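A.B. asks: Letter by letter, the chains look like this.
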Amino acid sequence: MGVLLLSILILSMVLSGCKKDRPTLYVYNWGDYIDESILGEFEKETGIKVVYDTFATNEDMYVKIKSGGSSYDVIFPSDYMVTRMLEEDMLEKIDLSQITNHKYLEENLMGTEYDPKNEYTLPYMWGTMGILYNTTMVDEVVDSWDILWDPKYTKEILMLDSQRDSIGAALLKLGYSINTLNLQELAEAADLLKKQKPLVLAYVVDEGKDKMVAGEAALALTWSGEAAYARSENPDLAYAIPKEGTNIWFDVMAIPKGANNIEGALKFMDFLNRPEIALRNAEYTGYATPNSAAKAMLPEEIRNDRGSYPEEQDLVNTEVFVNLGSTLRDYDRIWTEVKAY
Amino acid sequence: MKRNLTMIPYLVWMSLFVIIPMLLIVYYAFTVTTPEGTTWTLENFSRFFEPIYLRVLWRSVALALVCTLICLFIGYPVAMIMAGNAFTRKNVVMLLFIVPMWMNFLLRTYAWLTILERNGFLNVFFSTIGLPQMNILYTNTAVVLGMVYNFLPFMVLPIYSVLSKIDKGVIEAAGDLGANSFQVFMRVIFPLSLPGVVSGITMVFMPALTTFVISRLLGGGQFTLIGNLIEQQFLVVGNWGFGSAISMVMIVVILLSMAVMSFFEDEDKEATLW
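Which chain is which? The protein sequence lines are A and B, in order. Take the first sequence: its position 293, counting from 1, is numbered 294 in my numbering, and each next residue is one higher. Take the second sequence: its position 168, counting from 1, is numbered 149 in my numbering, and each next residue is one higher.
Looking at chain B on its own, in the form it has when it is part of the complex:
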């Protein structure tokens, strides 16, 4: 009974802010409201599977994948360096990753606008050292850059937290048994760090897939992503049914990607952000 009582705040919270909103989304996705009344329909979903919307979905998935891969290739080595014994300034690097996250996300993205623009900081710097100017702002590159910048900590931190917990004895044992450092990495360290990699990938892929601020600001609104589409349906068009249907498709895509990911995940070793 005591256990039940302590669960009440959690249950209230979950039902008010998770379950009821989810049910509302399902309701809106499957209904259409006309002046004659509300009827059940699949129209919202069939509209989503038209070529223009599929292209938006495809572009979102592709950009999110590219962003996740770049984060992984930058983030893994960083996490390894931070977790290594030789590295004594861990806390400083950790702080460097975390402090920018204390600043507002929108503000950091706005900062990139002034850095990347034609007469911006980066181009002024390039021209002073004699390099040609580049127009990065309002391209796919700028969008991916903004995503990588914003989401990189979510890749580094879980991998770091798993790597730093690996028993050093295991690595030494592998060395004693004749494995070179490449083999140690491939056969021991990397497999042991997989839970961190998996959670890093999930934590980068999901926000990258649904972002709408980064693509609007840095992409100059030329690259409609799925997040922009959903926002537009709710705020501009007022077509909550279609917006909810896209949201449901997104939930399915994310659940699928999580299912694929959990296939790789080791049951006993839950990786966490910290």
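Just chain A, with the same shape it has in the complex:
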């Protein structure tokens, strides 16, 4: 046993011995969510080396940060994950005086539920959930969640294989909050989703946009950024935000507790908020930027596209996802029931 401990000790010494002298910034972002040439420019300007890793879901990111095995300096969680991480005291406060470029961030996209005083996060991208549809297959006006329950489109509907989003659509159709903790309302949503199942072609995540581009389905529940990509690939596609309201989401920048290079992290966040840098990221990803100066520089047809940059009247009934605590288990049970139905 002694030898065993010794070898573990040696192993961990070898692994931790790889420290570098040059200041290094560890960034953890969503895959394909930044124009990577920007990282090189930041390195050249500041002399800080950037180590850039990516994740596929908030949950992957959370597990990695929570386990403490790796220390990142800047992370990009979504709104509800921010709530969870704040509840578990996992985020550092941000010194806004170090980020002069935050003045470009749009006022109405700041101070949202997950971080009311903007103490811990700055928005990076934002968007909505809505219906992506193929205008050659759908003749009527798409303005309500009801169309996802219309038997006319049997086996022509793609739903998201994502509990909160698909259950959310059902709750919105029923006129309830997407953050409901009321089990009766959830049971009604479950019944609705079970009723919808025969109409659904598939529950998809990433491959949904490709299926819509290929004309495999008429309607899909999707996010605005995915929809922007799909519409650029296939001009027959259109995106609508239903009148009952929808989910508005934010991916934000934050500094996790235990970060080694907070100074570098603040510089990086300031850098990303420069209008010309934010513009390049918005153009590269196709998602909507919260940076008003960057938005003003976007081509007119993008800036005025209500799918990507909805007007205030489109966002009347929108809600941010909040962390559900233990009720998340009931959402999970419902989702399993629907999928196993």
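Note that these hints are calculated values from the structure, not bench results. Quantities reported herein were computed from a predicted structural model and do not represent experimental measurements. No false leads were slipped in.
In silico SDA-like links for lysine to any residue, alpha-carbon gap of 25 Å or less:
| no. | chain 1 | residue 1 | chain 2 | residue 2 |
| --- | --- | --- | --- | --- |
| 1 | A | 65 | B | 12 |
| 2 | A | 65 | B | 14 |
| 3 | A | 67 | B | 16 |
| 4 | A | 153 | B | 101 |
| 5 | A | 65 | B | 216 |
| 6 | A | 198 | B | 99 |
| 7 | A | 195 | B | 217 |
| 8 | A | 65 | B | 229 |
| 9 | A | 198 | B | 120 |
| 10 | A | 258 | B | 220 |
| 11 | A | 156 | A | 197 |
| 12 | A | 258 | B | 217 |
| 13 | A | 198 | B | 40 |
| 14 | A | 198 | B | 116 |
| 15 | A | 196 | B | 122 |
Knowing the structure of chain A, use the given hints to seat chain B on it.
C.D. replies: Below, chain B without anything else, positioned relative to chain A:
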């Protein structure tokens, strides 16, 4: 002493990556953590035995069984042809089975998505030769197809490796003693190849039972299998206790199926993949 020293890397490896993770799973499965603290419980297991989760288990076992049977019925003849004397292009066929395995598993499964879709390769081909179109994608059939495609080599190779080692003299002797080819197969070849069949069945059944990628991609997420359920508990819900409990149930199911299998296995003739 020397033997002990050479075993250290193995022991370190096993304890770090097998024993400690297993103990963690057992720990999580039997505990529940609330703000008041962690307590021992059987709640995670009792939840699993609710009808909706049992239905998921049943569907997983049924699909895995179907996949294993199809693999056996396709794989055994292929292995026999490859092992036969008359067949001279063994290496080529062997290569054809192995080369696709060098490609990423996820990539191969994604390829089926474009082959099977409504305007996909298969349907375009069917309509050019005048056959009706089919919608296979996002059905049980697609899931089984994907499983068979991915796991077939694991059935063929162990059976082939056992068949090719059978002493040809035994088969000739059976013929000399008056057995026809059917009797030779039933009474000599098949019993001698059982270890390969057993290891083939185990190597197909286990991954088929626990897969979650194939069912999600080709089943369009409509067919929750046990693998999806476990993944969901760890990554989405964060209910590690329930996820661990399902994992333990799976370990028991797999141990049971291995026990049944080893009942048929001949002790001296260990079948291996290669």
